[in-house]
Each structure stands twice: as C-alpha cells, then as structure tokens.
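**Q** Spelled out, the chains give:
Number of protein chains: 2
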Amino acid sequence: MIVPVKWTDEGVLMLDQRLLPAEEKWLVLRSYVEVADAIRNMVVRGAPAIGISAAYGLALGMKHFVGTSQTDMEDEFEYVADVLSKTRPTAINLFWAIERMRKTFQQAISEGKSVSEIKHILVEEAKRIHDEDIKAQEKIAEYGGRLIEDGSTVLTHCNAGALATGGVWGTALGVIRGAKHQGKKVAVIADETRPYLQGARLTAWELVKDEIPVTLITDNMAGYMMKTGKVQAVVVGADRIAANGDTANKIGTYTLAVLARENKIPFYVAAPLSTIDLNCATGNEIPIEQRNGREITHIRDIQLAPEGIQVSNPAFDVTPSEYISAIITEKGIARPPYEESLRKLFD
Amino acid sequence: MIVPVKWTDEGVLMLDQRLLPAEEKWLVLRSYVEVADAIRNMVVRGAPAIGISAAYGLALGMKHFVGTSQTDMEDEFEYVADVLSKTRPTAINLFWAIERMRKTFQQAISEGKSVSEIKHILVEEAKRIHDEDIKAQEKIAEYGGRLIEDGSTVLTHCNAGALATGGVWGTALGVIRGAKHQGKKVAVIADETRPYLQGARLTAWELVKDEIPVTLITDNMAGYMMKTGKVQAVVVGADRIAANGDTANKIGTYTLAVLARENKIPFYVAAPLSTIDLNCATGNEIPIEQRNGREITHIRDIQLAPEGIQVSNPAFDVTPSEYISAIITEKGIARPPYEESLRKLFD
Numbered sequence: 361m362i363v364p365v366k367w368t369d370e371g372v373l374m375l376d377q378r379l380l381p382a383e384e385k386w387l388v389l390r391s392y393v394e395v396a397d398a399i400r401n402m403v404v405r406g407a408p409a410i411g412i413s414a415a416y417g418l419a420l421g422m423k424h425f426v427g428t429s430q431t432d433m434e435d436e437f438e439y440v441a442d443v444l445s446k447t448r449p450t451a452i453n454l455f456w457a458i459e460r461m462r463k464t465f466q467q468a469i470s471e472g473k474s475v476s477e478i479k480h481i482l483v484e485e486a487k488r489i490h491d492e493d494i495k496a497q498e499k500i501a502e503y504g505g506r507l508i509e510d511g512s513t514v515l516t517h518c519n520a521g522a523l524a525t526g527g528v529w530g531t532a533l534g535v536i537r538g539a540k541h542q543g544k545k546v547a548v549i550a551d552e553t554r555p556y557l558q559g560a561r562l563t564a565w566e567l568v569k570d571e572i573p574v575t576l577i578t579d580n581m582a583g584y585m586m587k588t589g590k591v592q593a594v595v596v597g598a599d600r601i602a603a604n605g606d607t608a609n610k611i612g613t614y615t616l617a618v619l620a621r622e623n624k625i626p627f628y629v630a631a632p633l634s635t636i637d638l639n640c641a642t643g644n645e646i647p648i649e650q651r652n653g654r655e656i657t658h659i660r661d662i663q664l665a666p667e668g669i670q671v672s673n674p675a676f677d678v679t680p681s682e683y684i685s686a687i688i689t690e691k692g693i694a695r696p697p698y699e700e701s702l703r704k705l706f707d
Numbered sequence: 361m362i363v364p365v366k367w368t369d370e371g372v373l374m375l376d377q378r379l380l381p382a383e384e385k386w387l388v389l390r391s392y393v394e395v396a397d398a399i400r401n402m403v404v405r406g407a408p409a410i411g412i413s414a415a416y417g418l419a420l421g422m423k424h425f426v427g428t429s430q431t432d433m434e435d436e437f438e439y440v441a442d443v444l445s446k447t448r449p450t451a452i453n454l455f456w457a458i459e460r461m462r463k464t465f466q467q468a469i470s471e472g473k474s475v476s477e478i479k480h481i482l483v484e485e486a487k488r489i490h491d492e493d494i495k496a497q498e499k500i501a502e503y504g505g506r507l508i509e510d511g512s513t514v515l516t517h518c519n520a521g522a523l524a525t526g527g528v529w530g531t532a533l534g535v536i537r538g539a540k541h542q543g544k545k546v547a548v549i550a551d552e553t554r555p556y557l558q559g560a561r562l563t564a565w566e567l568v569k570d571e572i573p574v575t576l577i578t579d580n581m582a583g584y585m586m587k588t589g590k591v592q593a594v595v596v597g598a599d600r601i602a603a604n605g606d607t608a609n610k611i612g613t614y615t616l617a618v619l620a621r622e623n624k625i626p627f628y629v630a631a632p633l634s635t636i637d638l639n640c641a642t643g644n645e646i647p648i649e650q651r652n653g654r655e656i657t658h659i660r661d662i663q664l665a666p667e668g669i670q671v672s673n674p675a676f677d678v679t680p681s682e683y684i685s686a687i688i689t690e691k692g693i694a695r696p697p698y699e700e701s702l703r704k705l706f707d
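As given, the protein sequences belong to chains P and D, one line each in that order.
Sequential numbering from 361 applies to the first sequence in my numbering.
Sequential numbering from 361 applies to the second sequence in my numbering.
Honestly, the hints are just simulated from the structure, not real lab data.
Fair warning: there could be bad hints in the mix.
Since the list gives no way to pick one copy over another, a pair counts as held whenever it fits inside one copy or between any two copies.
[Stated by the list, open to error] Below, simulated DSS-like cross-link-like pairs (lysine-lysine); rule was C-alpha separation at most 30 angstroms, straight line:
| id | residue 1 | residue 2 |
| --- | --- | --- |
| 1 | Lys590 | Lys624 |
| 2 | Lys479 | Lys590 |
| 3 | Lys587 | Lys446 |
| 4 | Lys590 | Lys446 |
| 5 | Lys587 | Lys624 |
| 6 | Lys544 | Lys385 |
| 7 | Lys624 | Lys366 |
| 8 | Lys499 | Lys569 |
| 9 | Lys487 | Lys544 |
Could you put together the complete structure from these sequences and hints?
**A** Rendered as structure tokens:
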C-alpha cells in the first residue's frame, strides 16, 4: 500500500520520488518552506498529492506560528498560503486545498477559537483532505474499473497512481486497480514520460509492486501500439479540468488523445472533483508551467544534447474535451457534453 | 560539411555517432566484419548511410579476398553480402546497395575481369553509390526547399541529416538546408527521439554547426507545438517506402503524421529513390526491427526503470500514405496517389 505523504508530529513525511525506483528514501519536512521546496522540486508531484502536501504545509506552517493575536495569525496564514501557492501553477488541487484550508481557518477565527485550537483544527482539516482523497480514489477505481473490459491492455501516461495522490489507489492507476479488483484480467502499457520519466520510474515501480503486468515504452511508441491493436483503452489523470471538460495533464496527453480517437480507442480521464475548476471556462485559461531545460538536456550529469542548445519544456498540455470519452470521478462518470455533466457532479 | 563515412586505402573511416555530441571520434574499420558490427551497433545509422556503409563493407571484404578462382570469389561475395545484409532489417537502402554491388560484381565476372580488376571495380562502385547519394540529396534539398515557406518553423524527428546519409545535405535536413540556401528564413523544432536520442544528439549537433535556429523538445511535446501554432511543416526521412507510399521511419513518425493532419500542417517525407521499395506493395510487408530493451531502461549506466521490467522497443513504425502530403526525391516531388507517382519516378 503506497502512501507518498504522511503527517507526523515531527513534520510532514514525504517519499522522495526523485530517487525512485533506485532508492526508497523518506524525507522529514520540518517547515512549510521545506514543504514548498519539495513541491517545487518534485519530491512530490501529481495534482492530488500536491494539494494534500500543500494542506499539510499550511498546517505545519501555522503549527509553528508563535504569536497570540488573531490578526497576526491571519497575516501569517496568508503569507504561508502565498508561498505554497507559488510553487507550481497548473494543478488546481494546490489552490483548491489552500482555499479549503482558508475556509476552515476563517470559520475557526470567526467562531473565536484559540490559537492552539485553530492549530489543531488545521492539522485535522489537512488530514481530512488526505482521507477524503483516498476515499475518492476508491470510488474512482470502482466506477472506472467498470469501463475496462476483461482482458484489456490499458495505456497510461506519466504517473497518476498512488504516488500522485493521497495514496493506495491512484486515479488512472486506480481505474486499472479497480478493474483488477473486480476480477478482470488487465495489463498495462506505460509511457516512460519524458523528460521526468514518471512512467518509467514511478508507474512501472507501482505496477511491478502490485504484480500487474506492465510493458514500458518510450512516449513516441504509443501510436505504434495503438495502431497495431495492442491497446484497448487509454486512461490518464489530470492536473486541471475546465468547466467544458478541456483537460490539462502531463505533456504528451493531447497527443495520446488524438491517437486514441484516430484508432477508435476510448480515452478516459480519471480525477477527483478537486481537480475540476468550474471557474475555468475552457482549457485556454489554464496556465501551463514551463520548467528548466536541463530536465531535457541532461539525465543526472550526462549531457544528451549539444552545449547551449535552445530548449522548450512545457510540463503540461491541454486536451480539448472533444477527444475525451469520459471523465471518471468519485461522484460518477461524466460524459459529453461536459458543461452539463461536470456541473451536475457538484450538486 | 559533415560526411559520416569515407573510403580510404586503410579501410572505412566512420564517425562514431554513438559518442556525439560529446565527442567527435573517427573509427578505422579494417574488415567487413567491423563494418557489419558498426552498422548493427549504430556507429552509423540512417537508411542512406547504412546503404553506403554496406557498399564500402562489401568492397572492403572483397579487397581482402585472397583466392584466385572466379567461383571462390563469387562464394566469398555472397558470404560477405549475407553477413552485411543481416545487420539491420528495416532500411531498404542496405539491400538496395548490396544488390547494386552484386550486379556490378556479376557484370565484371561475366566480362572476365581479373580478381584485382574486380576488386578495383567494387571500390569504385561503392564510391559511386556514395557520390550519387550526395548528389541526390542536393536535388532533394532543391525540390524540398521550395515546399517550405519563408519564415517557417519545421518540425523534424530523429536525424535525417548529413549524418544519416552520404553527407553534406541530408534528406529531411536537406529540405531545411535547401530552404535556407534559397534565401528563406527557417527555424527547426527537433524531437529528441527516444530511446536513442538521434534528435537531441545528432540533429541538434548538425543544426548548431550550421547556425540554423533549433529548439529541442521531447517527443511528447510535438503535439503541443503543433496545436499551439508553432509548426508550419513537418519533414522526416524514411527507412523504406512501399509502392503505395506507406513509409517506415523512426518510431514516432506515425504519431507526428496523425498530429500533423489533425492540425492541418503539411507532412513531408524526404528520401532518395534508393529508399523506395516497389517490391513492397504496402507498409504491412515492411519488417520492423525490435531492439534491445536496455536502450529504454538505461542511459549509459543509469537505470531509469525498475529492475526486470518488461520493455517493448520497436525501432520503426509505418505511416500510412494517406497521412503524407508529399514524398520528396531527387527525381522530383511525388504526390498522391503514390502508386502512380512513385512508379513514374523510376521511368
């Protein structure tokens, strides 16, 4: 059972995903600054896991608040929230978790709770966000598993597994685990997912642990696999889903969606409601993070490209909703038109 | 001016492309066995360059023939040809070059040439194959360059440059160099091309040398670049083109073709006639090489995936001709329907 982030009285425990699969090393993050750095540097990644980590970061930051006045505490909360919110721009779960923590904080303030009570309330709220995420994934696994036919090979991209979430099931890998849990035979083709290799390093690691058959390919082989009949469904996670269903996810997802439609293969997105941003009308409004070019030009210290080469490194792309067969959430499965079906999930 | 393979009296000189861009090291291959190994191990790669190398390998093998009888010489020729023909299966240029050498050899035999004359004839024929390839590329550059509009950014995959051919122009990069030569402003987006990174290592290296602006991306970013309007044309090389225009090329090419059509971007294949296999009716008949999984799981000694993971490593895919806007050859530009237009090029 993989749970990549945990609250302890000492601080936030985090599995250092940069070192997987070679090494399983846990870090103890003792301040919100360390949590923010861990999110920024991808010790933890994956939209739901980023949200949970930010919630724990906020709870940890406030736990260390040393003042006594309500006003000072409110200032401190906003300061810590601001630092955490600037770590990564695309995954909406980060902002969703911070906003939820803010509401809880403000309610506690308005109810006249003491500083120490509020600290406790924030820790409990962060844990609740985490627990609810794991429960949401269990439902995603149940609903999504039903969409996978017995004997299918499912292609997935990046890591939308236990490591990318609160743990245990995962979103896209939750669907695969759900299908297996329902007694179906299921195999996986995992894209390695350059440049950060979350597929090769993390998805492969999770599935090997679970003894689910997995074949690793490079990203540019996905089309060949689909065209030669080796893929029965594509399932991916999401970093932000707009109100119309347009979905930001790891770079390369759009390409898979186009290939899936061309080859008449269903293309599913699996994500909790915390990933859906109804304030974003379409995918055009989703900010796309540009990361350091060194992720592409080097693997550790090995130089892969000529000195001084210009690089573009967008970390995400947007898949227009027209390519998406269904969006699997903990409240059920949304189908087109997504403007209606996604909004209904929140009722 | 990049020429990756050269004939010398000592043996075949070959630039070790495995070490680029970090190191420019030339190997002297003193036997046909060394040439065969160099092809197999990708010291040299790229369909036209493989053909030329095989021709030189044959000439070198026969140069070392120590017998005196015609029959022994014919046996030796077939033995050397067989070893060379088993190095790599997909690029037709390998078989084309061997067949052309065979015809020259058989004609010399039938004309009653002496052993030493035949040795000389074979070296001259291999050099001629090399020279003709460079001239073919110059024409490809001229014809193809006309298809590129001034101010375009061209996306290319793998390396179909000077390094992949007899040298100087290249096929896909020939088209880009041709456009520049015609006074047009042209920029390039180069896919890194996993697993062997020919784009990051070789194409980027060639274009930096030529001072053509190049931006390196990972393969899974090509869709994003097309969808966001950053690509005006896609140009790739080919390893084998069937009579109906179906084109085998580096794995990932099919994906680019699908993405290009989806985004209404022209998709061009550039290749000399020696890459066209009229004996192959469709792409279904083209053998696809499966290479060692270690190319995917490791970069040099760094392990990227869990121990014992199953890997699929097809080196090529087939792009159906319906996705190809034009095939650029030294005899002109073929347009659909390719059954007719390709055959006409050979008249």
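**Q** Now, for every hint given, state plainly whether the structure supports it.
**A** Going down the list of hints, with the structure as the test:
1. Proximity of Lys590 and Lys624 under a CA criterion of 30 angstroms is satisfied in both settings, with 12 angstroms inside one chain copy and 27 angstroms between copies.
2. In this homomeric assembly, Lys479 and Lys590 never come within 30 angstroms of each other (Cα to Cα): the closest approach is 52 angstroms inside a single copy and 49 angstroms across copies.
3. Proximity of Lys587 to Lys446 under the C-alpha cut-off of 30 angstroms is restricted to the inter-copy arrangement: shortest distance 27 angstroms between copies versus 41 angstroms within a copy.
4. In this assembly of identical chains, Lys590 and Lys446 lie within 30 angstroms of each other by CA distance solely across copies; the values are 28 angstroms between and 41 angstroms within a copy.
5. With identical chains, the CA atoms of Lys587 and Lys624 are at most 30 angstroms apart both within one copy (10 angstroms) and between copies (21 angstroms).
6. Proximity of Lys544 to Lys385 under the C-alpha cut-off of 30 angstroms is found in neither arrangement, the shortest distances being 33 angstroms within a copy and 54 angstroms between copies.
7. Neither within a single protomer nor between protomers do Lys624 and Lys366 lie at most 30 angstroms apart by alpha-carbon distance, with minima of 41 angstroms and 48 angstroms respectively.
8. Taking the closest pair of Cα atoms, Lys499 and Lys569 come within 30 angstroms of each other only inside a single copy of the chain (22 angstroms); across copies the shortest separation is 55 angstroms, beyond that limit.
9. Taking the shortest alpha-carbon separations for Lys487 and Lys544, neither the intra-copy value of 33 angstroms nor the inter-copy value of 60 angstroms comes in at or below 30 angstroms.
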